[in-house]
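Peer 1: In case you want the letters, here they are:
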Amino acid sequence: MNLRGLNLTALLLTMAILPCPALQAGEYNAVIDIGEPMPQFSDLPATDGTTLSSSDLEEEVVILVFLANHCPWVKGMDPDLVELGESIQSDKVRIVGVSVNHREDDRLPAMKEHAAQAGYNFTYIYDESQELGRALGATRTPEYYIFDKDRRLVYMGLLHNSPASKRRDGTINYTEGQPTEFYVVDNVKALLAGEEVTVAETRAHGCSVEYEQD
Amino acid sequence: MKDQCLVGLLILSVSIAVGCAREPDTRQAAAGDGTADIVESDEWQATLVPVTFEAWQEKLVALHGQVVVVDMWATWCLPCIERFPQMVELAQKYADQDVEFVSLCLDDRDDEDSIALAKRFLTEQRARFPNFLMDEVVTQAFEKLDLLGIPAVFIYGPDGSLRYRLTGDDPNNQFTDADVDDAIEELLAAS
Chain P
1 MNLRGLNLTA LLLTMAILPC PALQAGEYNA VIDIGEPMPQ FSDLPATDGT
51 TLSSSDLEEE VVILVFLANH CPWVKGMDPD LVELGESIQS DKVRIVGVSV
101 NHREDDRLPA MKEHAAQAGY NFTYIYDESQ ELGRALGATR TPEYYIFDKD
151 RRLVYMGLLH NSPASKRRDG TINYTEGQPT EFYVVDNVKA LLAGEEVTVA
201 ETRAHGCSVE YEQD
Chain R
1 MKDQCLVGLL ILSVSIAVGC AREPDTRQAA AGDGTADIVE SDEWQATLVP
51 VTFEAWQEKL VALHGQVVVV DMWATWCLPC IERFPQMVEL AQKYADQDVE
101 FVSLCLDDRD DEDSIALAKR FLTEQRARFP NFLMDEVVTQ AFEKLDLLGI
151 PAVFIYGPDG SLRYRLTGDD PNNQFTDADV DDAIEELLAA S
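Taken in sequence, the protein lines are chains P and R. The first sequence begins at 1 in the working numbering and counts up by one. The second sequence begins at 1 in the working numbering and counts up by one.
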C-alpha cells in the first residue's frame, strides 16, 4: 500500500480501520503466491471446439494468460501474444488463454470470433464457473502465469515492461515506449535451460476481471 | 435516463472504434436514429483538470475537513462506465452533507479521442463535481496510486486518512455499489 502523503496518525488509523485487508499472497495478488501449485481444472470449453483439463497439459512449461476480448489492453497486446506463440514454437511449452468474464462479448461465441480475428495460435478456454480465475487471483487482463515442470507457479504479471492499448483510432500505443524487458520470454528460456527465473512477479496492467459476487 | 445515456456512450464508443467519418453527437447516438435534433437544454459542460500525482495529493490535502469519495475510472474500463451513475446519484444524495465527491480519470493523457469521450461522458452524466485527469503515463499512475485495477473507490475521512480502499483486487471480495454507500454512512456517523 502506498502511504506517501499520509501522516503517522493517518497511517495508524488506516491500519486499524481499513476494511479491506492488504494483499496477503503475492506482492500484487490477493490469492496465490509464487511457488504454489497450479489449480486443477476440468473440461473447460475451448474456441476450437475441444475441451481442456489441467491433466491434459504435458509440456514442461505452461503459460496461462488471462484475456478479455472487449479489453483495449488485451487488443493492444494481442500481436505480442501471438508473436510469443510463434517465438516459442516448442513441444516443451504450452500457452493457454483463459477468459473469465460473464459479459456477452467475453463469452465463448465472442471468444471464437476474437481468436480468429487476432490470429490466436494457442488454446483459448472459457472459465465460466470462474473457479480457475478465482484460484489464481486473476483480476486483470492480460495477465500471465507461468508454471514449471512440477506445475509450481514461478512467475505472474506482465508479458513485458511496456503494456500496450489499442486506441479508438486503431493504433496501438505502448505506454513506456518499445519494450526492453521481456519477462515471460526470458523466464521461459531460463526454465528450459534448467535455471531459476529472473523476475517472479510484476504489476499486471489492464482491464479488471469481474467476478460474480454472492 | 441513466441507462439511455450509458447506451449512448457505448454506441458512441463503438462508432468511434469502427471509424465513423463524422464524429457523432452523444445525444444523437442516444436517440438511436442519428437524425434527432440536438436539444441543448443545459449548457453545462464538464471539465477534466489534468493533475500530476504530486498535484493530486495536494488536491486531496486541500479537501481535508470532510469525507472525500474518489472514483477512479477510465473510458476503456467498462465496469467503471457502468458504475459511474451511482457516483452521481450518491453525490446528489449527500449534497447537503459534509461529503465531497471527486473523479479521477485514468485514460491515456495523450489519447485525444479518449479524453474527448471522457469529457462528453462526464457532461452527459451531469458529474457536477471536480473531475481530474491523471497527468502521468498511465502505468506509472497505477503504480504511484498503488492501484492494481479500476474501478476503484478511495474514501478519505475528514482528517485526510484513507479509510476505505474499495477495489476489485480480491476475486472473492470485489466491492459493490452498496459498499460505497455503507462506507460513506459509516464515516458520516462517526464524524
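Hints should not be assumed to be uniformly reliable.
[Claimed, not checked] Here are the simulated DSBU-like pairs of lysine-lysine, each with C-alpha atoms no more than 30 Å apart in a straight line:
hint : chain 1 : residue 1 : chain 2 : residue 2
1    : R       : Lys119    : P       : Lys166
2    : P       : Lys189    : P       : Lys149
3    : P       : Lys166    : R       : Lys93
4    : R       : Lys119    : R       : Lys93
5    : P       : Lys166    : P       : Lys112
Hints were generated in silico from the structure; no laboratory data involved. Note that this is a predicted model, so its numbers are computed, not measured.
Peer 1: Now tell me if each hint is right for this structure.
Peer 2: Checked hints:
1. Between Lys119 of chain R and Lys166 of chain P, the direct Cα distance comes to roughly 20 Å. Compliance with the 30 Å bound is thereby established for this hinted pair.
2. A hinted pair counts as satisfied when its Cα atoms are at most 30 Å apart, and Lys189 of chain P with Lys149 of chain P qualifies at roughly 13 Å.
3. The straight-line distance between the Cα atoms of Lys166 of chain P and Lys93 of chain R is roughly 37 Å, outside the 30 Å bound, and the hint therefore fails.
4. For the proposed pair Lys119 of chain R and Lys93 of chain R, the alpha carbon gap of about 23 Å is at most 30 Å, so the pair holds.
5. Between Lys166 of chain P and Lys112 of chain P the alpha-carbon distance is near 20 Å, which keeps this suggested pair within the 30 Å criterion.
When the structure is compared with the earlier hints, a violation turns up for hint 3 alone.
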